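Please build the complex by placing chain B on the supplied structure of chain A, with the hints as guidance.
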Amino acid sequence: MTVALSGGEVAGQLEEKFPGGILESDQNCLVVKGDSLLGIASFLKDTPELNFDYLNYITAVDYFEYFEVIYQLTSLEHNHSLVVKARCYDRDNPALPSVVGLWQGADFQEREIFDLMGISFDGHPNMKRIFLWEGFPGYPLRKDYL
Amino acid sequence: MTIETKEMMLRTEPFVLNFGPVHPSTHGVYRMRATLDGEVVLDIEPVFGYLHRGIEKLAEQRTFTGFIPLTDRLDYVSSMSNNLAYVMAVEKLAGIKVPERAEYIRVIMAELQRIANHLIANGSFLNDCGAYFTPFLYMFREREKIIDLFEMVSGQRLTYNYMRVGGVSQDIPDEFLPALAKFVKQMPGKVDEYDRLLKQNEILLARAKGVGIISKEQAVNCGISGPILRASGVKWDWRRADPYSIYDRFEFDIPTASDGDCYDRFRVRMEEMRQSLRIVEQAMKQIPAGPVRAEVPHIVRPPAGEAYVHIEAPKGELGFYLVSDDSIAAYRCHVRPTSLINLTALREMVRGWKIADLIIIFGSIDICLGEVDR
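Protein sequence lines, in the order shown, are assigned to chains A and B. With the first sequence counted from 1, adding 14 to any position gets you our numbering. With the second sequence counted from 1, adding 369 to any position gets you our numbering.
In isolation and in its complexed conformation, chain A is listed as follows (with noise of 0.2 Å):
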């Protein structure tokens, strides 16, 4: 059985090496600040105990005060899981790292979100749209879009 981690614990070990890099932490969940999402990611991926090499999905969700990006990512190892998310309050130029140098499966989600709820990836080789053509207008997947 796969065990959920609970974002509280987690957020225990990360609180000293990122100060203020949480923002909130709960049993299911653990919300990071935008600019330390890399460092955190890469500290969950290569620490032996926590050991996350399997990034499940990415995906984002609109709630009109912020777009919520969601990672989940599981350990083959240890077979746990945990849900990391981080927030975008800029509505015209959200921007959160890209984490293709750490799990190259985000490559084309990442792209997708670019594509579909607006928001751009720094640091990915190749953001640009997916499903839809250059210069479709807006991004379907807001809610303010239709």
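Everything labelled a hint here was simulated from the structure, so no lab data went into it. Quick caveat: nothing in here was measured; it's all calculated off a predicted structure. Accuracy of the hints is not assured; some may be wrong.
Stated by the list, open to error - Selected chain A positions facing chain B (Cβ under 8 Å, derived; list incomplete):
hint: 1; residue: M15
hint: 2; residue: D67
hint: 3; residue: Y68
hint: 4; residue: L69
hint: 5; residue: N70
hint: 6; residue: V75
hint: 7; residue: Q86
hint: 8; residue: L90
hint: 9; residue: N93
hint: 10; residue: W117
hint: 11; residue: F122
Claimed, not checked - Computed Cβ-Cβ distance ranges for the label pairs, DEER-style:
hint: 12; chain 1: A; residue 1: P33; chain 2: B; residue 2: L411; range: 41 to 49 Å
hint: 13; chain 1: B; residue 1: D695; chain 2: A; residue 2: P151; range: 30 to 38 Å
hint: 14; chain 1: B; residue 1: E513; chain 2: A; residue 2: D49; range: 50 to 58 Å
Even for Gly, the Cβ is constructed at its ideal location relative to N, Cα and C.
Frame of chain A; chain B shown alone:
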């Protein structure tokens, strides 16, 4: 007369070839821009979106129940599995308990669907290898029987729309279990027949063995799941790693291979069919009587919150991430697209191989464009 040797030298340059979007070996409307040096593939750039229907957006305008038919249209080769993953996500969100009998019916359907999917995957893979339509029709012969079983329960042959929030749409008819027993009895012999025909086939070995290798580490890093991951030597199956529904009650093995080439992917799928038959056989014996659907209102209104549920679909990890804002429609519905993520590694797999190998490497991944583009 002197000849300038310099001028005589041939100048070569990379050549860009467009594959698709309508090409029989792309299994749908997928396009690859392949950069070639002669016959050798230097690089490919996948182009998606020809079948993009905005299914995730459509989910926000439909009731939770009303979205079930659209999940059929994601991976239309294995609609039952899509139905299952979605209704399980809604059930988790709404905290609905499914009756025993419905759980067994779901497992039987999901495993039959896995067999049907692998029959198509392996059949069309062999098609790509050049065994034109002979093995394909052998496999379609058995798939037809599975489709007949599905037609018996749902009245449909491709987009079944059979699962419901809290169970399944209707109980299995009386003639279903005898027909299933007959199928389960016959099928192992048929899989043996495929093996006799193909396992040591010299042409298949020459075309597929050692071709399109993806290493264990790379497969995990690319987020690959399903038979491709197991063919690379990672013993990971969500039915065993994180048992959902009632999978903890059945005995089955997880077939793996070690080389991670096209042949191994083909072999793993073959073995998985045998394991699925084992599960169906056990489920058939254990299935209890009782209701097939929990008491769920037609319009489901889950409390505000979010849920992610994943299952081991035939192609790999299929998941639904749902956010509810306490209304009758999902606030956000995200599909974890197995096929799209499995395609991430295609570029690494095909570099340096010939263009004819590109076709079979692509075929060995087993994608469905309905799920890639959504």
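Of the numbered hints stated previously, which ones are contradicted by the structure, given in increasing order?
none
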